[in-house]
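Colleague: Based on the sequences and whatever the hints tell you, model everything.
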Amino acid sequence: MPKWVRKTIWPLAIGNQLEITENLYKILLKQQNNQQNTSSLISKSVSKMKEDLKQMYIQKFQQIINNEQLVQMENILQAFIFYRPDLGYIKEVMPNLVCVLLLHLDEYNSFKCFINLLHSYHFLSLFRGDMREIEWRVRFFNEYLFKQKPLVHQHLKALDLSTELFLIDWLMNLFSNVLNVNIVSRILDNLLLEGEIFAFKAGLAYIEYFDLELKMATFDNAIGMLKNLQGNLFSEELFFDIVDNIKIPLKDFDDRIEQQKVAKITTYVHEALLN
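Residue numbers (UniProt numbering): 1 to 275.
Read the hints as simulated data drawn from the structure, not as lab findings.
As the structure is a computational prediction, the values presented were derived from the model and not from experiment.
Among these hints, one or two may not hold up.
Claimed, not checked - Below, a list of computed lysine to aspartate or glutamate pairs in the EDC-like style, where the Cα atoms sit at most 16 Å apart:
(1) K251 with E196
(2) K215 with D160
(3) K261 with E135
(4) K50 with E92
(5) K157 with D211
(6) K251 with D211
(7) K3 with D189
(8) K157 with D220
(9) K91 with E51
(10) K3 with D160
(11) K30 with E74
(12) K149 with E213
Modeller: Structure, rendered in structure tokens:
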């Protein structure tokens, strides 16, 4: 998708189910100045976020965004902390996602899309650490990893390297922890088009990209490939060529989601009967 198209398509595709308005965004930004209504926990979270962003700008974002966008990122994350104090600020994830949005959208639309995106697909369940939601996704990924890359699956198992160690980070970051913003933007394009299933295709493609290396890797080398940001030698076109050849039946994925919903409802019913 061309960069200029994302400015229009992303807000439309993500939607605004939470009815985030520009006025609400302004009110949230002003909350920091109202000390009487600000808890010490929220204030600490905001301060920690600002300190982290200064370091991350030097280490990671300096070549991607300018100073004005850094201020906008700070505003967006601050507003989110006030909007969802129960979730707060997650250093390893949230700045990465906001950075991707700010490269294509203005500040308000970035905030609106960020909030609505986090409340859709898999994001909120993983941020909350919902083990039931985490476990079925790990099982599903492992099944297809075994089907499509049995030797890699076997080697990672021999290394005692659990899929959970990297898959959850990939999903929460939408791969922005390992891939550059241009690739992540294309992943988001396809996520909005195909749904969460595309994230699993991208994960399997990432492993296939490093197929030979992972088969021979030590634990430390494998972790490095699966968790560290890749450099300029990583081929965007080759990666998406591999993604195009990854086959996961949509019905299989949808059935898993339905099974999970039924299991969750059954659990609630049993708990209600016991009480």
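Colleague: Please list, smallest to largest, the hint numbers that this structure does not respect.
Modeller: 6 and 10
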